[in-house]
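For the protein sequence lines, the chains are Z, G and L, in the order given. 1 is the number of the first residue of the first sequence in the working numbering; add one for each residue after it. 1001 is the number of the first residue of the second sequence in the working numbering; add one for each residue after it. 2001 is the number of the first residue of the third sequence in the working numbering; add one for each residue after it.
Since the hints were derived computationally from the structure, they do not count as laboratory data. Since this is a predicted model, take the numbers as computed values, not measurements. Any given hint could turn out to be false.
[Unchecked claim] Cβ-Cβ distance ranges computed for the label pairs, FRET-style:
1) P2690(L) with T1278(G): 27 to 35 angstroms
2) K87(Z) with P2070(L): 51 to 59 angstroms
3) D69(Z) with Q1017(G): 29 to 37 angstroms
4) K87(Z) with S1135(G): 37 to 45 angstroms
5) T1147(G) with S133(Z): 54 to 62 angstroms
6) D69(Z) with G1136(G): 52 to 60 angstroms
7) T1278(G) with S133(Z): 29 to 37 angstroms
8) D2517(L) with K87(Z): 38 to 46 angstroms
[Unchecked claim] The list that follows gives simulated cross-link-like pairs (lysine to aspartate or glutamate, EDC-like), each with its CA atoms no further than 16 angstroms apart:
9) K1049(G) with D69(Z)
10) K109(Z) with E2025(L)
11) K2080(L) with E2101(L)
Heads up, the beta-carbon is just placed ideally off N, CA and C, and yes, glycines get one too.
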Amino acid sequence: MPETMAASSNTGNNKRTIPISCQINGRAMTLEAYPMARLLDVLREQAGLTGTKEGCGEGECGACAVELDGALVNSCLVPALAAADTKIRTIEGLATGETLHAVQQALLKHGGTQCGICTPGMILAAVNLLDRSPQPSEAQIREGLSGNLCRCTGYTKIFEAVFAACRATQPNAGPHR
Amino acid sequence: MEAPRDLSSALQIMAQQPAAWKPFAGGTDLMVLLEAGRLPHRRFLSIWKLPELRGIEVTPRHVTLGALTTYTEIRRSEVLAQEFPLLCRAAAETGSVATQNRGTLGGNIANASPAADSPPALLVYDAELELVSASGWRRVPCHGFWTGYKQTGLQADELIHRIRLPRATNGWKHYYRKVGTRRAQAISKVCFAASARIDAGRIVQIRIALGSVAPTALRAVQTEKALQGEKLTPESLRAAQAVLAREIAPIDDMRSTARYRRRIAQNLLAELCERLST
Amino acid sequence: MAAIAPPRTSVPDPHLIGTSVPRKEGREKVTGRATYVDDLSFPEMLYGTTVRSTSPRGRIRNIHFRPNIPWNEFTIVTAKDIPGANTIALLIEDQPCLAAEFVNHPEEPVVLLAHPDKYFLEEARRAVRIEIDPFPAIFTIEDSLARKQIIWGQDNIFKSFLVEKGEVDAAWSAAAFIVEGEYETGAQEQLYIEPQGMIAKANPTNGVTAWGSLQCPYYVHKALVRLFGLPTEQIRVVQTETGGGFGGKEEYPSMLAGHAALLAWKSGKPVKMIYDRAEDMVATTKRHPSKTHHRTALTSDGKFLAMDIDFTVDGGAYATLSQVVLSRGTIHAAGPYHCPNVRVRSRAVATNMPPHGAFRGFGAPQSVFALERHLDRVAQVVGLTPEELRRRNFIHQGQTLAVHQVIREPVDLAHLLDRALDLSAYHAKRKRFQEENPHSHIKRGIGFAAFLHGAGFTGSGEEYLASEAALDLTPEGRVRVFAGSTEMGQGTNTVFAQIAAETLQLEIDRIQIMQPDTAMVPNSGPTVASRTTMIVGKLVESAARTVQKSLFDSGLLQPNYNQEAFAAACQQYIAKFGPLQSLCKYQHPTDLHWDDATYRGDAYGAYAWAIYVAEVSVDTRTAETRVEDFVAVQEVGKVINPVLAAGQIEGGVAQGIGFALYENVVWREGRMSNGQMTNYIMPTSMDIPPIRVLFEEIPYARGPAGAKGIGELPLDGTAPAIANAIAHATGVDVTRLPITPEVLLEMLETVHA
């Protein structure tokens, strides 16, 4: 990166990068970034984790969703500085080795992913929802995913997949619809 | 960007160069502007970690929220659900889960968008803002704080410290309806918040506030006067609707039209009265 | 026989067709490992950006570069730098790659910049000012037809068609009923969640390579050949994982690839150009706005005597694909009905807007909306239910469509209608809503649309495309499929793999679908027009049969083989005879005839037929419409993968709901002013009802395993079903899309006045 950066809007007046220490998918990392750079770019470029996607850059589509200290956030709206000393989980951190998370498996089985670009953010949103409410109603699923836009599926099979993932992780629970 | 550790350090920085620093909380509004190149500021003051701006305090006569209270925290607060449900409704209708985790009430107030979802609720509840600077602090009513389109009475060296809600509307009936462009993640076309105390079919006290129908969130005092003390009848409603139509100043924009907004505001007033009658 | 591996006890599943085999590249997608163009990077890569016209029409007087930017750090490209022809070759070469002297629409590209720092690049872009002497511009179909300004050709008309059957003019005097109506649809943005993007490398020695998000690698290839004036083998186009297309990445990627390549050519470095959402929305193609006029004559018992249809689409500033959109819209304009006398007069006109382009449905959503909305109104005038009117006029096998195509395949629309109305509880709901509506401010309604969608390119189009697909076998008995068809979520990779695996009696993970790379795959035609499974899938099937036959004929393989025997045979064959491969070329069926001059004949090899039913509730206090329930019944030939097929319908219905209710492009002087996802509204998970999908299957002999095409079908019938439901709920005479609350409010007040 050039040292003398004419201050463009996205970097503020800061001509220098700073070290940002955080934990990403369980791994301690220190990344050099402009303080006002988007966390999305820091993840994709500095950390090399390209699974998180940009769809709109305005916090509307949710393709860039990650977990920051357990909270779902749109990483295109989080400045790098805000990621310091936090625990971040991205799509790359969901599977355990080659074993997929229940939500990932369910999406595969039920056709909940088509073009795949909304999928990482959608999965994070679903995982986050299920961590908070293990037995969500249909209305809660719709609401929990309402910040993730999908243009391909019409959401139908995404809902089916999330229900299936619930049943897979809570097999003895009664009906909750 | 600077990230001071406590409030007084932050205020010191702001006092030294009042207009140069843009306070930055959750970033859900500011990052969008920054991306679009519409923020003239070069220096950002991160207030996200300031402990003095967090927390919900409950005292006998007030519930006081730190400016950094997020929408998620508002939604999870039992006392707010019990006594200030309109604020919880507003928080639930703002953006999405991801926005609610980072968006703050103070940020929403300072950003001063006329379409913001929380200000109508705050106006109905007669909320007060505690503003703080290096030279002291002051308390101002929300009503009148927004002075024009995206303008507030906040001085260049001030921060919003807390939002104080008087616990005065217990037992009142509450009504909140946001009409947006779609069911979720929508900017409002009309936002209608109201609280009223009814006795034997008569409106004893009523407070009405609207969003997206004027350059700022609007407390509809004329419409309130038209209904105050009245029985809930079709005639009193029609009269109040006429007052409301004149009191608001909706515009045509890329989301909706003045005509639509005016008509819907009147219809929601009717819906409010219908609810109050039951 | 030598043992290669321990004998397996399982036999590969011979029933892959009709099974919901998991998506081939699904694992990569759910783990975030799928590689989209913005995930790629090259050493020394620069970022590129476009400086665009702010005027809708005019002459470029000067280009100003603000002096505070160190321009020597930047690569700057204008029209003068184009080595070949300054055009994006598609059908007509009227669209420049970069505006040279004149601009004809807002956001027309004029200057390209590249720099290693993408933030600084954006600052530099804002420091370039294009000074334009404005000419008067036109923005509506009316002004274009009225020739307020001539902005294209002699008369602003890109193309016109005339379809005639019988004698329309003679029918009016015999009519018991004559019903007229005028219908309009607005522009719609494709809004794929992955914005357009390309990376290019280019230099005179090695030629040009472009990687990117695209639907048609050979369209891009053709455009780059023309732009650079290079031989075809020096241009290479590679499709990266594509995050949605819907037609929006049919033509436009040729422009973007051209831009990235020009910057790469001049700078000597790889150049990446990824549009941000705002630029993507305002500068790229959208669905053609339309206006349709219907005049319908009927007998006293409600049978069609004549249909006189006038259909116009707004093509924007350059021709691009407008003539083909017009063609499909024209052919679909009279619907799945039998009518003895039909005339369709249609035209695509020019306006000073960014060119409109392909979007799923491609002209049919526009003309089908008009027809199906019109027919509910016709039913009312004639005194029949919407259902009865359709039943009396549905086309039957052996009858002809407006373009004189004889329907040779079995079709039973009455049966589809029965099923759809039954599944949606249409009659009970219709009655119940009529009873309950007067007592509530929430009005409920239920309505339907009947329609068809032709799969494949129109008329002689498939013959002209002459598509090819290839397949080869490795010594290990693995299969590689080579096709220019692109996966963009619709399931092409999986369906091709199923077809090949079923034909060759192998497990599906033995099949590899090669990345569409023009250096490696043949031209299978564009991935559009609901053609990929039906036409190209058939080529894949044929190629598989051919190599299988080679193995049988060689004596190295016996029927009812298992995978080990197959692998052994492949190894032996290749050792003995060389490569085991097949290239299959499209053969146009000899019994399909189309006359381009008279616009008559067999327009499409196959049609899918459908009835969609929408249930809505309208809150009259806010004029908001909610779709409460949706039923989609269609006959589509053999369904190869039920989950993928249902996914296409569900996703298409969601886009149709957007087209009907939410997606409104707000134009200001020819420019989209609501170019953000905040202000251009597509449905969220809270806006979509339960969608029930039912497939009927009448196998189509010429399709692979009997399959027809379905990708675009759902866009045709969704919006008119919703419009008809709103009319039922409120009595409002809906005639245009989108039916926004603002529009509906005015109409509700008129109804109650």
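Right, here's what the structure says about each hint:
no.: 1; hint: P2690(L) with T1278(G): 27 to 35 angstroms; result: 31 angstroms, holds
no.: 2; hint: K87(Z) with P2070(L): 51 to 59 angstroms; result: 41 angstroms, violated
no.: 3; hint: D69(Z) with Q1017(G): 29 to 37 angstroms; result: 31 angstroms, holds
no.: 4; hint: K87(Z) with S1135(G): 37 to 45 angstroms; result: 39 angstroms, holds
no.: 5; hint: T1147(G) with S133(Z): 54 to 62 angstroms; result: 42 angstroms, violated
no.: 6; hint: D69(Z) with G1136(G): 52 to 60 angstroms; result: 34 angstroms, violated
no.: 7; hint: T1278(G) with S133(Z): 29 to 37 angstroms; result: 32 angstroms, holds
no.: 8; hint: D2517(L) with K87(Z): 38 to 46 angstroms; result: 40 angstroms, holds
no.: 9; hint: K1049(G) with D69(Z); result: 14 angstroms, holds
no.: 10; hint: K109(Z) with E2025(L); result: 12 angstroms, holds
no.: 11; hint: K2080(L) with E2101(L); result: 11 angstroms, holds
Hint compliance for this structure: hints 2, 5, 6 are not met, and every other hint is.
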